[in-house]
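One-letter residues, chain by chain:
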Amino acid sequence: MKAGLQRIFRILLVVIAVSAGLITLLSMLVQNSTLSLLRAVFVEWTVIVAAFSMLLGVANVLRVHAQRIQQRQGLVYSLVLVISFLAVFIPGILSPNLVPEMLQDWTGPMGHIVDFAYRYVQRPLQSTLFSLMAFFVVTAALRAFRIRSAASFVMFVAALFVLLGSARLSLFNSWDVFIETRDWILGVPVLAGARGILLGLALGTVVTGLRLLLGVERPYSE
Amino acid sequence: MGTPVEADLSSIIALVVLLLSAVLLWWFGLRVRQGTRFAFRPIAAYEVLKSLLLSVAETGKWVHVSLGNVRLGGDQTAIASVGLAVLDYLAEQGASMGISPVVTVSDPTMLMASQDALYRAYARKGRARHYRSTSAQYVASDPAAYAVGAQAVIDDDRVAANVMMGQYGDEFLLMGETGAQRDLVQVTGSSTITSQPFMVATTEYALVGEEAFAAGAYLGDEPMQAASLRVQDVLRIIAVVAIVAGAIVKTVLGL
Numbered sequence: 027m028k029a030g031l032q033r034i035f036r037i038l039l040v041v042i043a044v045s046a047g048l049i050t051l052l053s054m055l056v057q058n059s060t061l062s063l064l065r066a067v068f069v070e071w072t073v074i075v076a077a078f079s080m081l082l083g084v085a086n087v088l089r090v091h092a093q094r095i096q097q098r099q100g101l102v103y104s105l106v107l108v109i110s111f112l113a114v115f116i117p118g119i120l121s122p123n124l125v126p127e128m129l130q131d132w133t134g135p136m137g138h139i140v141d142f143a144y145r146y147v148q149r150p151l152q153s154t155l156f157s158l159m160a161f162f163v164v165t166a167a168l169r170a171f172r173i174r175s176a177a178s179f180v181m182f183v184a185a186l187f188v189l190l191g192s193a194r195l196s197l198f199n200s201w202d203v204f205i206e207t208r209d210w211i212l213g214v215p216v217l218a219g220a221r222g223i224l225l226g227l228a229l230g231t232v233v234t235g236l237r238l239l240l241g242v243e244r245p246y247s248e
Numbered sequence: 019m020g021t022p023v024e025a026d027l028s029s030i031i032a033l034v035v036l037l038l039s040a041v042l043l044w045w046f047g048l049r050v051r052q053g054t055r056f057a058f059r060p061i062a063a064y065e066v067l068k069s070l071l072l073s074v075a076e077t078g079k080w081v082h083v084s085l086g087n088v089r090l091g092g093d094q095t096a097i098a099s100v101g102l103a104v105l106d107y108l109a110e111q112g113a114s115m116g117i118s119p120v121v122t123v124s125d126p127t128m129l130m131a132s133q134d135a136l137y138r139a140y141a142r143k144g145r146a147r148h149y150r151s152t153s154a155q156y157v158a159s160d161p162a163a164y165a166v167g168a169q170a171v172i173d174d175d176r177v178a179a180n181v182m183m184g185q186y187g188d189e190f191l192l193m194g195e196t197g198a199q200r201d202l203v204q205v206t207g208s209s210t211i212t213s214q215p216f217m218v219a220t221t222e223y224a225l226v227g228e229e230a231f232a233a234g235a236y237l238g239d240e241p242m243q244a245a246s247l248r249v250q251d252v253l254r255i256i257a258v259v260a261i262v263a264g265a266i267v268k269t270v271l272g273l
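These protein sequence lines are chains L and P, in that order. If you count by the numbering used here, then the first sequence holds residues 27 to 248, one letter each, in order. If you count by the numbering used here, then the second sequence holds residues 19 to 273, one letter each, in order.
Treat the hints with care, as some may be off.
Reference listing, derived: stretches of chain L covered by chain P, where coverage requires no fewer than 3 residues with Cβ under 8 Å from a Cβ of chain P [to be verified]:
no.: 1; region: 143-156
no.: 2; region: 162-171
no.: 3; region: 220-227
no.: 4; region: 231-244
Anything over 12 Å on all C-beta distances counts as not near chain L; from chain P, calculated [stated by the list, open to error]:
no.: 5; residue: 65
no.: 6; residue: 72
no.: 7; residue: 78
no.: 8; residue: 117
no.: 9; residue: 144
no.: 10; residue: 178
no.: 11; residue: 263
no.: 12; residue: 272
From the derived model, a few chain P residues whose C-beta atoms are all more than 10 Å from chain L [claimed, not checked]:
no.: 13; residue: 49
no.: 14; residue: 55
no.: 15; residue: 56
no.: 16; residue: 75
no.: 17; residue: 177
no.: 18; residue: 271
Treat the hints as calculated values from the structure; they're not laboratory data. Glycine residues also receive a C-beta, built at the ideal position from the N, C-alpha and C atoms.
Let the hints inform the model, and build the full structure from the sequences given.
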């Protein structure tokens, strides 16, 4: 009895998922007001589910870091994270209408505290982080250009030409040969390779999407 | 009276490609069920994934699985499902050995999906009570913040292997390079072209291009997965023939 009900439940899940997927797909390929309306409803549901999942995400972050604080693993970092979270989250969710007049500009999602955290903490930190990427690129390039095979030798020579062509040092009269070679490398073999990879990625996405749409792959039901 | 249905040429082509893919999937699926076995070239990254948990279990360390900057319901759903399939495989192997991968995600919907994958893997092995929801960690939605959070996990001495399967931008380097500097076993796959050079530069086992989408067929024994890989091959041949024919027509006829 129980196994029968479970089977019916699984079939129902697949029917709902496949129908929702096919309706959404069709609504994007053909112009039909009913299909568009249904798609809008599905998208609205997705947004609601995603919003609630954010609450679970926040709970997960706090739980993981509470565990770390308890086990004294990276204690300081986890404490900083929890305190920063509370310092931004609490003023952020407080409605300006519910606080004294002098605090009204400071609370709410558009208040001074959230704005300060975004403008003077998050954005500068992101920029700093991306500026560090240059050093990571250098160490990764050094490792990649270590000549271990014919392929890495070809990659090294190509990189050398691209580097010299981009530098535009013009140390001697025929420096243009580096610029022309760089343009050829980037315009012919690199572009051809990149388009080949893009084509493969697109086909992979189509077939994986199709498996999900047709219910061949069912990560939601077992 | 129903509402009118209209479609432009590109939508019709897309519909035809999808229908053709569906028919091919059904046809190859049927052949697989009738006993046909398709041979696939060996991919080193998948061979490593198959024995990864076993080798890590001996050291008593962890495997970190990064699902990248993907979310369910967006245009990255396909690569998200590939990442979840890899996680499912590793989690099932780990459950039977009593170890769980440490998963980091950048979207709460992926947090729920990865926790579900971990739980189901434990449940299949009859060890549901050993499942810990904190094995899957939501780091941050911002790609750079996520990369820094995941980098900290990769840098942890208790991590012996790093599997990254998802969508990554330039921030991939922060994670991949950390793993490379620690000399970790790293398996990576991505749906974006910008991260492919970084993957090759930092990782010994990089899944280039559509190789990442073959995870289900290489790691699982589901016949339809093998069939879908064959569909991918047929579609690639059709695309190549169309490109070559188009180039010839344009060159010869000057259209």
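Structure-based check of all given hints:
1. 143-156: Satisfied; 4 residues make the cut.
2. 162-171: holds (count 7)
3. 220-227: holds (count 7)
4. 231-244: holds (count 11)
5. 65: holds (19 Å)
6. 72: holds (24 Å)
7. 78: Holds, since 17 Å exceeds 12 Å.
8. 117: holds (18 Å)
9. 144: Its Cβ never comes within 12 Å of chain L, the nearest being 14 Å, so this holds.
10. 178: holds (17 Å)
11. 263: holds (15 Å)
12. 272: holds (22 Å)
13. 49: holds (15 Å)
14. 55: holds (18 Å)
15. 56: holds (14 Å)
16. 75: Residue 75 of chain P clear of chain L: closest Cβ-Cβ about 22 Å, beyond 10 Å.
17. 177: holds (13 Å)
18. 271: Correct as stated: the minimum Cβ-Cβ distance to chain L is 23 Å, above 10 Å.
Violation of the numbered hints given earlier is absent; every hint is satisfied by the structure.
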